[in-house]
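Given the structure of chain A, go ahead and fit chain B with the ligands onto it with the hints provided.
Chains as they are written, first to last, in the working numbering: chain A, 1 to 478; chain B, 479 to 956.
Any given hint could turn out to be false.
[As the list claims (entries may be wrong)] Straight-line distance between alpha carbons at most 27 Å, and here's what the computed DSS-like set of lysine-lysine pairs gives:
id	chain 1	residue 1	chain 2	residue 2
1	B	531	B	694
2	A	18	B	715
3	A	18	B	916
4	A	53	B	806
5	B	551	A	50
6	B	694	A	53
7	B	528	A	53
8	A	139	B	577
9	B	551	B	573
10	A	75	A	246
11	B	551	A	95
12	A	237	B	496
13	B	573	A	95
14	A	53	B	495
[What the hints assert, rightly or not] A partial selection of chain B residues facing chain A, derived with a Cβ cut-off under 7 Å:
id	residue
15	503
16	508
17	512
18	513
19	516
20	538
21	540
22	542
23	565
24	566
25	569
26	570
27	591
28	593
29	627
30	938
In case anyone wonders, no lab produced these hints; they're calculated from the structure. Glycine included, every Cβ here is placed at the ideal spot set by N, Cα and C.
Number of protein chains: 2
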Amino acid sequence: MTPQSEDFSRWYIDTIKKADLMDYTPVRGCIVFKPDGYELWERIQQAMDKRFKETGHRNAYFPMLIPESFFEKEKEHVEGFSPELPWVTEAAGEKLEEKLALRPTSETMIGHMYSQWIQSYRDLPVLINQWANVFRWEKRTMPFLRTSEFLWQEGHTAHADEEEARHETLQMLEIYREVIEQELAIPVWMGQKTPSEKFAGAVDTYSVEAMMKDGKAVQAGTSHYLGDNFAKGFDIKFLDRDNKLKFVHTTSWGTSTRLIGSMIMVHGDDKGLVLPPRVAPTQVIMIPIGSGKKREIVLNKVDDFVTDLKREEVRVRTDVRDETPGWKFNEWEMRGVPIRVEIGPRDLENNQVIIARRDTGEKLTVPIDQLIETVKGLLNEIQTNMYNKALQFKAAHSHVHIDTLDELNKHVIKSEQDQVIAGWVLAGWCGDETCEAKVKEETSFTSRNIPFEPPLNKETCITCGQKAQHTVWFSRSY
Amino acid sequence: MTPQSEDFSRWYIDTIKKADLMDYTPVRGCIVFKPDGYELWERIQQAMDKRFKETGHRNAYFPMLIPESFFEKEKEHVEGFSPELPWVTEAAGEKLEEKLALRPTSETMIGHMYSQWIQSYRDLPVLINQWANVFRWEKRTMPFLRTSEFLWQEGHTAHADEEEARHETLQMLEIYREVIEQELAIPVWMGQKTPSEKFAGAVDTYSVEAMMKDGKAVQAGTSHYLGDNFAKGFDIKFLDRDNKLKFVHTTSWGTSTRLIGSMIMVHGDDKGLVLPPRVAPTQVIMIPIGSGKKREIVLNKVDDFVTDLKREEVRVRTDVRDETPGWKFNEWEMRGVPIRVEIGPRDLENNQVIIARRDTGEKLTVPIDQLIETVKGLLNEIQTNMYNKALQFKAAHSHVHIDTLDELNKHVIKSEQDQVIAGWVLAGWCGDETCEAKVKEETSFTSRNIPFEPPLNKETCITCGQKAQHTVWFSRSY
Ligand SMILES: [Zn+2]
Ligand SMILES: [Zn+2]
Chain A
1 MTPQSEDFSR WYIDTIKKAD LMDYTPVRGC IVFKPDGYEL WERIQQAMDK RFKETGHRNA
61 YFPMLIPESF FEKEKEHVEG FSPELPWVTE AAGEKLEEKL ALRPTSETMI GHMYSQWIQS
121 YRDLPVLINQ WANVFRWEKR TMPFLRTSEF LWQEGHTAHA DEEEARHETL QMLEIYREVI
181 EQELAIPVWM GQKTPSEKFA GAVDTYSVEA MMKDGKAVQA GTSHYLGDNF AKGFDIKFLD
241 RDNKLKFVHT TSWGTSTRLI GSMIMVHGDD KGLVLPPRVA PTQVIMIPIG SGKKREIVLN
301 KVDDFVTDLK REEVRVRTDV RDETPGWKFN EWEMRGVPIR VEIGPRDLEN NQVIIARRDT
361 GEKLTVPIDQ LIETVKGLLN EIQTNMYNKA LQFKAAHSHV HIDTLDELNK HVIKSEQDQV
421 IAGWVLAGWC GDETCEAKVK EETSFTSRNI PFEPPLNKET CITCGQKAQH TVWFSRSY
Chain B
479 MTPQSEDFSR WYIDTIKKAD LMDYTPVRGC IVFKPDGYEL WERIQQAMDK RFKETGHRNA
539 YFPMLIPESF FEKEKEHVEG FSPELPWVTE AAGEKLEEKL ALRPTSETMI GHMYSQWIQS
599 YRDLPVLINQ WANVFRWEKR TMPFLRTSEF LWQEGHTAHA DEEEARHETL QMLEIYREVI
659 EQELAIPVWM GQKTPSEKFA GAVDTYSVEA MMKDGKAVQA GTSHYLGDNF AKGFDIKFLD
719 RDNKLKFVHT TSWGTSTRLI GSMIMVHGDD KGLVLPPRVA PTQVIMIPIG SGKKREIVLN
779 KVDDFVTDLK REEVRVRTDV RDETPGWKFN EWEMRGVPIR VEIGPRDLEN NQVIIARRDT
839 GEKLTVPIDQ LIETVKGLLN EIQTNMYNKA LQFKAAHSHV HIDTLDELNK HVIKSEQDQV
899 IAGWVLAGWC GDETCEAKVK EETSFTSRNI PFEPPLNKET CITCGQKAQH TVWFSRSY
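With the rest of the complex left out, here is chain A (with noise of 0.2 Å):
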């Protein structure tokens, strides 16, 4: 495998397909989640499902094939997604009247049955996620972070004024931010995106952002809030309270399957994948030792185990194949699994068995009838040391005393003569496009967010030395 500080690229592929995580197809772009991969997004489904139905969400679906004229009605959707649709253009041997776009996100549809579901205050507001695939025909792909195919969930809401619809944005970014933390370990920056970065569509468009090990950011969630621009390009009205007819405001927001590679990215190391105990398919190995008659001894013990750490709920696996112990330690060390535990039968005489720590690589000696209980604490202490680890990262890596596009010029080219990380950089803007652009065209480093609660705000703009009006996060980015 490819080291991290060799190629990181490289060595994201060579680890995610050596851990079985994904397969490349002959359809460009398009993967096969294979099954760990996808047991990584079943997780991240469960945790967010929850959280949305919590909040009053629930769950439809719509057909995936949108017609061409339905994009024409929101100006700025139609330009931002239609250089990147697929389009079914017949069907059971017949040309299409109409073609059928595959579905980048479902602004459309919806506003077309919102507009029909919708006629009096009473009918608001709606709360509806839809789990689906959708399609982006991008240029430049890489897997789980941008393919052709990818799977996310999409929420749509409708209310009756902007002040619910902004507080449901900002509720559901909140839960972004909650699972994103709390499952994944990736700690974010909430918040809000300039207007050149924002969705095609949106009036603001607000994000949790996440810093990769190679300093890159990962957009891991995104919440808009829409306006009446699709209530109006789809009609969407409703007969209010006073009697008039108004127009609705709606949201939208998402997460995809990009945040499985967000979570490899940020934790993984040279040896592979190092996995969140929430979500990892498999949190615990058990690697029986030792060989001849004593093997069946450890065996029964092994499965002993195993009996009672599913009934706690923990997902346990034991590697019982005809391998060395140094070569399955290697093995399950690259898949990523939290806990390693090694029985062999002189540790049974010693009543104890040896534990280790993907996240750290400490080996533990641990009473036998200890093993269940220091499992458990363990699997929270190693996700909160992986949490805790990415915030030091990210904050080791987050620069926010370059003030200027000349400064932020020399670090690049110091970062790279260093062959270190260039990270993320806390600059002063003044609110001009061009200053935004200019930042992006000199170093390639694009505004992340506009952060709501920066570490200390900007006085200057980076570029022009004028006035801030906002302090933005900017850094490279997938």
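Chain B with the ligands only, in chain A's frame:
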């Protein structure tokens, strides 16, 4: 709402629209699964998925788009599915070099991947399931039962030998039977499809078949032993223990959102839906009665009940809308909610509530302190009663003493004259496809399956009178 006896299809459409399970869309044959409809699917998914995992299967996700050339690799398969495929021919502004079909089922894509994943007997068995959207551009559509896009699960497994693959095929059929009978309260016949009705590319197809209230059948789930047909088409070979290169034996099995439609057609009545408690989105609807200053006392008491019921994991909702009790009774009966609880000021004075059962219409007066236990008991009782009722209905409309085509023709004509449903007919069959085809031609009855345990064994073929090789269920079907 149209009565069932007047026009069953009309009744079905009226009911699912009015009960807010689905809506039509501008895309031909594609529907929206609205929250109450989709939640039925979520509960079916949970029940299935749990059992798939308990039997060692894992979920994965394969690309939705399938290259045209893949379909050519299994001759029967391409003939079976080609006429119904929608095609992507352009993407991101360019014409594709090879057309891509929207998957009608994934044997081809998965076969291609398995050929790369499977090398040795150590790689077997492969036990994978996929939850996905699929497409069949059908001429005649019927919401839930037959739509251009629908949701389903498709299991795809590969095995070292025929015996194991055949065991898998029947194991999954048994899981379907269990979920459909236990969760959806739909009794089914398990059996084998005749060659003319089997899956395109299968060696043997097995099905579970359910009887709707109009006497027509729905194929509720199918499981296929594919032999080495796809293994040969996609070159899926493994090196066996004996050091010989062999083709794997594959299976596939599927159930879909047509189960939602079946559930409605099996249990519904002229008042609307009747939902089995295990899958009903709302199991109990609370209707507070009375107005004025006593209303608050009633509402407080209702809130207490709701809290208690939720603690017991009962799915309960309260209808506090500004409508009459009678209107609400009709509304929730139409939506099929298993139990209605009415509570008014006078009930509270008498320390009692009124409970109404949707399945029987029965009303009970229950002491307040027994409400929770009564509701829990009733939910089970209703589930069992609905299954038994459906079982009796099936028995009453299964005709086992019709032995010739002439008798069948007379039975069909008489049923129409008497305006009763023709139901199913158990008939002998010599095994000749022309005899089977003649039944269809004359009566529009098709073979449903050859039941594993027929109520009796037929001696002669219904068409030619020769010795019967099989005893077969025939009926009209969706
Ligand atoms: Zn500026
Ligand atoms: Zn015959």
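The hints, checked one at a time:
With a C-alpha separation of about 33 Å, the suggested pair residue 531 of chain B and residue 694 of chain B falls outside the 27 Å cut-off, and the hint is violated. Note on residue 18 of chain A and residue 715 of chain B: the hinted pairing holds, with a Cα-Cα distance of about 22 Å set against a maximum of 27 Å. About 57 Å separates the Cα atoms of residue 18 of chain A and residue 916 of chain B, which puts this hinted pair outside 27 Å; it is violated. The suggested pairing of residue 53 of chain A with residue 806 of chain B holds, with an alpha-carbon distance near 25 Å, which does not exceed 27 Å.
Distance hint between residue 551 of chain B and residue 50 of chain A is unfulfilled; the C-alpha atoms sit about 43 Å from each other, more than 27 Å. Among the hinted pairs, residue 694 of chain B with residue 53 of chain A is inconsistent with the structure: their alpha-carbon atoms are about 37 Å apart, more than 27 Å. Simply put, residue 528 of chain B and residue 53 of chain A have alpha-carbon atoms about 21 Å apart, close enough for the 27 Å limit, and the pair holds. Using a Cα cut-off of 27 Å, the hinted pair residue 139 of chain A and residue 577 of chain B holds, with the two alpha carbons roughly 18 Å apart.
The suggested pairing of residue 551 of chain B with residue 573 of chain B holds, with an alpha-carbon distance near 24 Å, which does not exceed 27 Å. For the suggested pair residue 75 of chain A and residue 246 of chain A, the alpha carbons sit about 21 Å apart, so the restraint of at most 27 Å is met. Under the criterion of a C-alpha separation no larger than 27 Å, the hint pairing residue 551 of chain B with residue 95 of chain A is consistent with the structure, at around 25 Å. Note on residue 237 of chain A and residue 496 of chain B: the hinted pairing holds, with a Cα-Cα distance of about 22 Å set against a maximum of 27 Å.
For a cut-off of 27 Å, the pair hint linking residue 573 of chain B to residue 95 of chain A stands: about 15 Å separates their Cα positions. Of the supplied pair hints, the one linking residue 53 of chain A and residue 495 of chain B holds, its CA atoms being roughly 24 Å apart against a limit of 27 Å. Taken as an interface hint, residue 503 of chain B checks out: its beta carbon lies about 5 Å from the nearest beta carbon of chain A, inside 7 Å. Below 7 Å, beta-carbon pairs count as interface contacts, and residue 508 of chain B has one with chain A at about 4 Å; its hint therefore holds.
About 6 Å separates the beta-carbon of residue 512 of chain B from the nearest beta-carbon of chain A, less than 7 Å, and the hint is met. For residue 513 of chain B, the suggested interface contact is upheld, since its CB lies about 4 Å from the closest CB of chain A, less than 7 Å. The restraint placing residue 516 of chain B at the interface with chain A holds, with a minimum CB-CB distance near 5 Å, inside the 7 Å limit. A hinted interface residue such as residue 538 of chain B counts as satisfied when its beta carbon comes closer than 7 Å to some beta carbon of chain A; here the least separation is about 5 Å, so the hint holds.
Interface restraint check for residue 540 of chain B: the shortest CB-CB distance to chain A comes to about 5 Å, inside 7 Å, so the restraint holds. At about 6 Å, the closest approach between the beta carbon of residue 542 of chain B and any beta carbon in chain A falls short of 7 Å, and the interface hint on this residue holds. With a least beta-carbon distance of about 5 Å to chain A, the hint placing residue 565 of chain B at the interface is held under the 7 Å criterion. The beta carbon of residue 566 of chain B comes within 5 Å of a beta carbon in chain A, closer than 7 Å, and the hint placing it at the interface holds.
The interface hint given for residue 569 of chain B holds, since its Cβ lies 4 Å from the closest Cβ of chain A, which is under the 7 Å cut-off. At a threshold of 7 Å, the smallest CB-CB gap from residue 570 of chain B to chain A is about 4 Å, leaving the interface hint in force. With a least beta-carbon distance of about 6 Å to chain A, the hint placing residue 591 of chain B at the interface is held under the 7 Å criterion. Hint on residue 593 of chain B is violated. Least Cβ distance to chain A is approximately 12 Å, over the 7 Å limit.
Taken as an interface hint, residue 627 of chain B checks out: its beta carbon lies about 6 Å from the nearest beta carbon of chain A, inside 7 Å. The criterion of a C-beta within 7 Å of any C-beta in chain A is not met by residue 938 of chain B, whose closest approach is roughly 41 Å, and the hint is violated.
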